[in-house]
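Novice: Single-letter residue listing:
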Amino acid sequence: MLFAVCYLYMNLMSYIILSLILFTFGVYGVLTSKHLLKIFLFLEVMTAAANLLIGAFAAYNKINAALGQAFIVVVWAVSIANTVVFVALAIYLWKKFGTINIDELRELKH
Amino acid sequence: MVSATFYIFSIFAVASLWLMLRTKNLVHAIAWFAVFLIIIAIFFGLLRAPFLALGQLVIFTGGMVAILLIGISFSGMVTGEQITNSKKHITGNSWYKILSLFFLLTLLVSIKLFFAKNTTELPVQQLATQLFGTYWPVVVFILLMFLAALLSAVYFLKKDEQITNNK
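Protein chains in written order, with the working numbering: chain E, 798 to 907; chain D, 42 to 208.
Hints were generated in silico from the structure; no laboratory data involved. Glycine included, C-beta positions come from ideal geometry on N, C-alpha and C. Check the hints yourself; a few may be wrong.
[As the list claims (entries may be wrong)] Listed below are several chain E residues computed to face chain D (Cβ distance under 8 angstroms; list not exhaustive):
#1 I818
#2 H832
#3 N898
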């Protein structure tokens, strides 16, 4: 019994650690990137890392595993809606200012 | 549940993110992002969630990457010449071998998951019951959100058209 609990804990811990590493990469990318679309890509990386964590918890939850998966499907929907608006906004900014570098856009504001 | 496959693909995931962070070319960044999304789909497969793995492949690796590439190429953010150069760069150096190894591993894992017995601990029926039975208002909300997102995108693009016409 104890062995089974330890085995389960280690497996789940592997997914938690991996998700944290991926999420940290996402945060680092958002903070250091200058390109608007690259920032968006790293935001999606953060979402994927969170989804992986939810998926891992859902897989180890034997009572109601479908709930976690349903939650991931909802997050996907939000993410896709986000993509549509973000790409349209990026195209608009590109056509209006000729750049999507966030430093240059900040200068244009003043 | 955690196996050597998990550790190998973890390394691939971190490497793809590192390359995505380091590259200056937007097309390369999107290519590495697609690789990262495929790896996440494999992790869902390892977690015995084939519905999520397929959804991840179809919606994200197919749909989102296509939207991003079409968006940037049609708006002129990346020219056709840059895309051709990116293709030459990706297929012309040693990364091509690493990518080939990655896709070979992906194929082997997919075959293993496909032929493994009892891969679906969770029937898709349960998921459908959750989504369309218990949480149907959430699904309606998602549909409304999609509509709002599409209308917003059309609004931005129309505004862009007005700016071009005024010029």
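Novice: All hints are to be evaluated individually against the structure, with a verdict given for each.
Specialist: Structure-based check of all given hints:
Hint status for I818/E: holds, given a least beta-carbon distance of 6 angstroms to chain D, under 8 angstroms. At about 7 angstroms, the closest approach between the beta carbon of H832/E and any beta carbon in chain D falls short of 8 angstroms, and the interface hint on this residue holds. About 11 angstroms separates the beta-carbon of N898/E from the nearest beta-carbon of chain D, more than 8 angstroms, and the hint is not met.
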